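Student: Chain by chain, the residues run as shown.
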Amino acid sequence: MITLTINGLRVEVEQGTTVLEAARFLGFPIPTLCHMEGLSPYGACRLCVVEIGEGPKAKLVSSCTYPAEEGLRVRTASARVLRARKMVLELLLASCPQSKVIQDLASAHQVRQQRFRQEHEDCILCGLCVRMCEEQMMAKAIGFRGRGSTRSLGTPFDIKSEVCRLCGGCIYVCPACQLRCTYTEPDKAICGGCANLSPPCVEKERFDDMMCYMNPCVACEIVKD
Amino acid sequence: MERLCSIEELKRLRALLVRDVDDRRPRIVVCAGTACQASGANSLLRAVKKYLIEANLVEKVALRITGCHGFCEMGPFLLTEPQNAFYARVALEDVPRLVQAVLADAYVEDLLYRDPVTGEKFRRCDDIPFFKNQQRTLLEMNRKIDPIRVYDYITHGGYQALEEVLSRRNREWVVEEVKRSALRGRGGAGFPTGLKWEMLARQPKDRGKFLVCNADEGDPGAYMDRSILEGNPHSIIEGMLIGAFGVSATQGVVYVRNEYPLAIKHLTIALRQAHDLGLLGNDILGTGFAFDIKIVRGAGAFVCGEETALIRSIEGKMGEPRQRPPFPVQKGINGKPTAINNVETWANVPLLFRMGAAKFAEMGTKGNGGCKVFSLVGKIKNTGLVEVPMGTTLGEVVHNIGGGPPGKAKIKAVQTGGPSGGCIPASRFDLPIDYDSLAQAGSIMGSGGMIVMDENTCMVDVAKYFMNFLKDESCGKCFTCRKGTQRMYEILDDISKGQATLEHLDLLEELALAVKDTTMCGLGQTASNPVLSTLRYFREEYEEHVYEKKCRAFVCKDLVGAPCQAACPIDTEAWRYVAHVARGEYEQAYQAIREANPFPSVCGRVCSHPCESRCRSGTAGKQPIAIRALKRFVTDRVDPSVYRPRRTKAVQPGGPRVAIIGSGPAGLTAAHYLSLAGYASTVFEADAQPGGMLVSGIPAYRLPRDTLGKEIKSLLDENVTLKCNTALGRDITIDELLNDGYRAVFLAIGAHKSRALNLKGEDVPGVFPAIEFLKSFNLRGQKQARGRVGVIGGGDSAVDAAGVALRQEGVDSVTIFYRRTRDEMPAQKKDIDSVLEEGVKLETLMTPVRILTDKGRLAGIECVRNRLGEVDAGGRRKPVPIPGTEHVFLLDTLIVTIGDVPAIEFMNSMGIEVTDWGTVKMDPATLATSRAGVFAGGDVVTGPNTVVQAIAAGKKAATMIGRYLRGEDLKQPGVPLLPEVYVEPVQLDDDALAEANRVEPPVVAPAARRRDFNEVELSLSVEDATREARRCLRCDLEFTQPKEDAVPAQATAGVTA
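Chains as they are written, first to last, in the numbering used here: chain F, 1 to 225; chain B, 10001 to 11057.
Calculated from the structure, these hints are not laboratory results.
If you're wondering where the values come from, they're calculated on a predicted model, not measured in any experiment.
Even glycine gets a Cβ: it sits at the ideal position worked out from N, Cα and C.
Don't take every hint at face value.
Covered stretches of chain B, going by a simulated chain F footprint (3 or more residues, C-beta under 8 Å) [as the list claims (entries may be wrong)]:
| # | stretch |
| --- | --- |
| 1 | 10470-10481 |
| 2 | 10507-10517 |
Residues from chain B that keep clear of chain F, each with C-beta distances beyond 10 Å, as calculated [to be verified]:
| # | residue |
| --- | --- |
| 3 | ALA10088 |
| 4 | TYR10107 |
| 5 | GLN10203 |
| 6 | PHE10289 |
| 7 | ARG10322 |
| 8 | THR10485 |
| 9 | GLN10486 |
| 10 | ARG10487 |
| 11 | GLU10490 |
| 12 | GLU10503 |
| 13 | ARG10820 |
| 14 | LYS10878 |
Work out the full structure, taking the sequences as your base and the hints as a guide.
Tutor: Right under this line is the structure:
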């Protein structure tokens, strides 16, 4: 058994436990996007960062991948952690504003503005679908290609995969494309809050395209319906 | 090659080889490293071989082809042994002479390397400063051995360290020895190698262990690993063998980039040789120790230099870092314990065993053993590989080995550590190079790339370049690294295009810190360094881009526009009037000039023309356009009345009045532009006539008085009142002015007090401060010089004083004494040349130490000769007196001009703060002094400066005072001044352009001009001016040319029909 301290509380865990699991065991909330029980830890979204170590050697690590070590001292909500997390969420919001999951996380972390150039991406490359396909569906139909800003997801050579069984597991686990706002009628859909963010959360020309799912809206705090 | 079955056999082989070495045999050494091959080493080699065969000298002269020596700037080069002579940039036709010289044990004197600055010739390669100031422990071997001949390596002590290690048969000792040597990972992070080996040695050996040589060298501009692999591959093999023995590893991998074909070739050959000799494989040298090495070729992803990504790449997976722990020493390739070291680290291992760990550690600083190889590139004279002990300062590397900047521009910073590193400014060049100091300064050692940057490098652009590299080379796994680098690049791009705000700077910093904090691997954690270090040391450059929309290095295209216009302190559209001159439209040209400049004729003659030093025609390799001469040409031909000033507002009766103190270019310019903006002013002049330094300082032979007088008169319109013989502090005070109804005051009183030499006897008759001397003559016609005249100083006023003295009756000779060299004289080169032609003598590297007097009058000066010493903070070499070189010059007149300062002792009492160096304190952005309503500009705040800078200060003062009087914010963001008006180009055709050279204006012959004060320089002829103007590259067209897609309506109609 390994003993470590999380936010001042001592906890004993088994060898091989991650810091995230240990913290959740104690009931400390740590947000995650790319983590899912049953899938191997990956450490891509960086939302789950926690602070370990002391003094000048203190650093942030992703709790989902970091193994519990004897005597480790973990802080899950230090100022440094929260600052970093807010920036991660702001970046997420800038790239993938339609995701209900990201909107909720941003709202919960008091992210009130998005200062980057607005993008509308459908994918944050968290890799859940890749691991789902490989580890649970035993298919390995999809994977990552390229690196850096041109990294993308797909089947080899973008040809329909022969091993894909159209199980839908990839869509099921996706935090970015699931549960888009379904309101398509302008009078029902628009509280105006998203458009009043600066820069607007959704910069699309037609209301039909707006897929805002903030509820309550982070800007005007109106509860829909 | 026979297999060696015991350590003894290897020793015997070496003894045999060493015995056969003939040191006196004539030998030619040619570097065939990749850099030299690129500059023609292969042709050189062919030429040498051909000549040796043709002249039947194959038996007599030996030839050695080696890897990189490091002096890549001089390639292709050739060394001769035993003379140790170095011939740089060898031309093929010189080969026979060189071979014959080797044969005759002689030198080819005219081809020997010469120092590009001093011209000093070096017979011995080892005496060349580039080599002499290095300590070449690794690179030295590259010169001695042919990389494809293992016997060369063995002859020079190769595999001797392995011998010792295998004879001792003590694994702990090997690891301890490496620990004692304080060798740290040369790949960049600087992890102690001994510690890493110790950790690996402790791992259970039943599953097998891996050693990896990381040759995935990916930093732009860095190539030391390649050079070692190419030039001395056996040192890597020996290092890995020793490591393998120490940690009981069985399998070795060299992970090398596929774009290093020569390195792979040499390494493959070396591995085969080592196998054949029984140095690799099973039962090495009959000791039972087994180890093998294979080569894995990487596809060139930067991230694969990161150890966990490298391991995955070796395993055949996507190069993507993973979480550590578990560390590779616990779980590496295929889950087996693995230690990864850089090429240079491995190459250092045999070295440290040969020389002893203690001695190796001594070479560096505490905890940083040995030497480090750097690839010195960028704006530096001697590009190449340099090796210095840890703890050497950056300044020594840059100036003593690198030879300093190649041109006039000062070195600004050094970028170390590649894309993960940072920029260290010149002010911190005293920093010792070791892992910890560099990290503290915000950079990293990295693998050893060192990119030198000068004033023509924009730090925003540098950060942008690296961020562009990183956004493509991040593996993309961590969201913050992938998106963070992309977002940082976006923000930097916005800054370089003038589209960012100050908030963006804060956001950039916030983001950079977040990326540093939240990423998994070394790449992401250091990816922010280029941004953070430039923000830390060069924040004002960022702010300049954001706020003033200016790029001081003239790199960011969208802020610079046409460089000539951007370089002009008063934003003259130089490109525009040059274009009009090319078309013969002189009136339009005059209007473009006059719009920006109230003193066109003056500037046409005496401007320091910063535009020309930035002219792309000049920076692109040819000569800059003679912009100043063209301006003079226009003003000589056009009647000033064609220009009607644009008045924005008429002066209101009873409106606010402004007091301007000083009627020099700054004061009069301010008065003129205030008048145009609707404000009346009074100009107070201490002397009897207006003009300031234009009248009292600049001699009439450079600036004719009637031309100047006309220009000054044209500025004194109905809104400007001139009051001469009224000096601030003597006749008026600031309080009085403000009480008299002046709402604002502009202080432009210039710098009219010469600084003293602080030598005894400076007050005797015959010694004059330059300003007094020039004023006495220019304003009152008094001729003070006689006999032998000495002038001390190197600035414009020294040269002017020399020229004026020479023209006075009773003067026999004039000599200028300057403490540095001629290249460093601050005066304009043209003016120095001019007075030297007229007969003025110049003594450089001279400092006066004593004034000799005779009966209370000047008799001469004693000077000491200087040499140029260390580089000072300003980037110039300090003059250092050489004792015993004192020398007396007999003089009758001595004019001292070692810098002028404002005469402002009374300012403090008027409530105006003064700086420590005796100038008026003000905010450079607004010209506001410490007292509300009082502004200052020109020489009184800068010290002696150029005319155009004074005019710029006057223009700015008018703007600021206008804002002040209207109650507006003084600080307002700038707008980039991009060319807007399209002037249809008339250029020379390509052939004529290739032939056309810069036109210099005609001058009166020296003999004719040296006795009178008539103007020396004459106007260009129409043909010359037209040809010169047509040489212009027209940088403005990029911004003004009508877009081609704006197709005329008729043409479109034709297409549809």
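Student: Hey, does LYS10878 (chain B) actually stay past 10 Å from chain F on C-beta?
Tutor: Given that every Cβ of chain F is farther than 10 Å from that of LYS10878 (chain B), nearest at about 38 Å, it holds.
Student: Over 10 Å from every CB of chain F: does ARG10487 (chain B) meet that, or does the non-interface label fail?
Tutor: About 5 Å separates ARG10487 (chain B) from the closest Cβ of chain F, which leaves it inside 10 Å; violated.
Student: Within the stretch 10470-10481 of chain B, is the number of residues with a Cβ closer than 8 Å to a Cβ of chain F three or more?
Tutor: holds (count 11)
Student: Is it the case that GLU10490 (chain B) keeps its Cβ farther than 10 Å from each residue Cβ in chain F?
Tutor: violated (6 Å)
Student: Determine whether the non-interface label on PHE10289 (chain B) survives the test: each CB of chain F must be over 10 Å from its CB.
Tutor: Given that every Cβ of chain F is farther than 10 Å from that of PHE10289 (chain B), nearest at about 35 Å, it holds.
Student: With d taken as the least Cβ-Cβ distance between TYR10107 (chain B) and chain F, does d exceed 10 Å?
Tutor: holds (53 Å)
Student: Any Cβ of chain F at or closer than 10 Å to THR10485 (chain B), or is the non-interface label fine?
Tutor: violated (8 Å)
Student: Evaluate the condition: distance from the CB of GLN10203 (chain B) to the nearest CB of chain F exceeds 10 Å.
Tutor: GLN10203 (chain B) clear of chain F: closest Cβ-Cβ about 18 Å, beyond 10 Å.
Student: Per the coverage rule (Cβ-Cβ under 8 Å, at least three residues), is the stretch 10507-10517 of chain B covered by chain F?
Tutor: holds (count 5)
Student: Compute the least Cβ-Cβ separation between ALA10088 (chain B) and chain F, then decide whether it is above 10 Å.
Tutor: Per Cβ check, ALA10088 (chain B) is outside 10 Å of chain F; nearest 41 Å; holds.
Student: Are all C-beta atoms of chain F more than 10 Å from that of ARG10322 (chain B)?
Tutor: violated (8 Å)
Student: Checking the smallest CB distance to chain F, is GLN10486 (chain B) really beyond 10 Å?
Tutor: Not fine: 5 Å to the nearest Cβ puts GLN10486 (chain B) too close to chain F.
Of the hints listed earlier, those the structure fails to meet are numbers 7, 8, 9, 10, 11, 12, in rising order.
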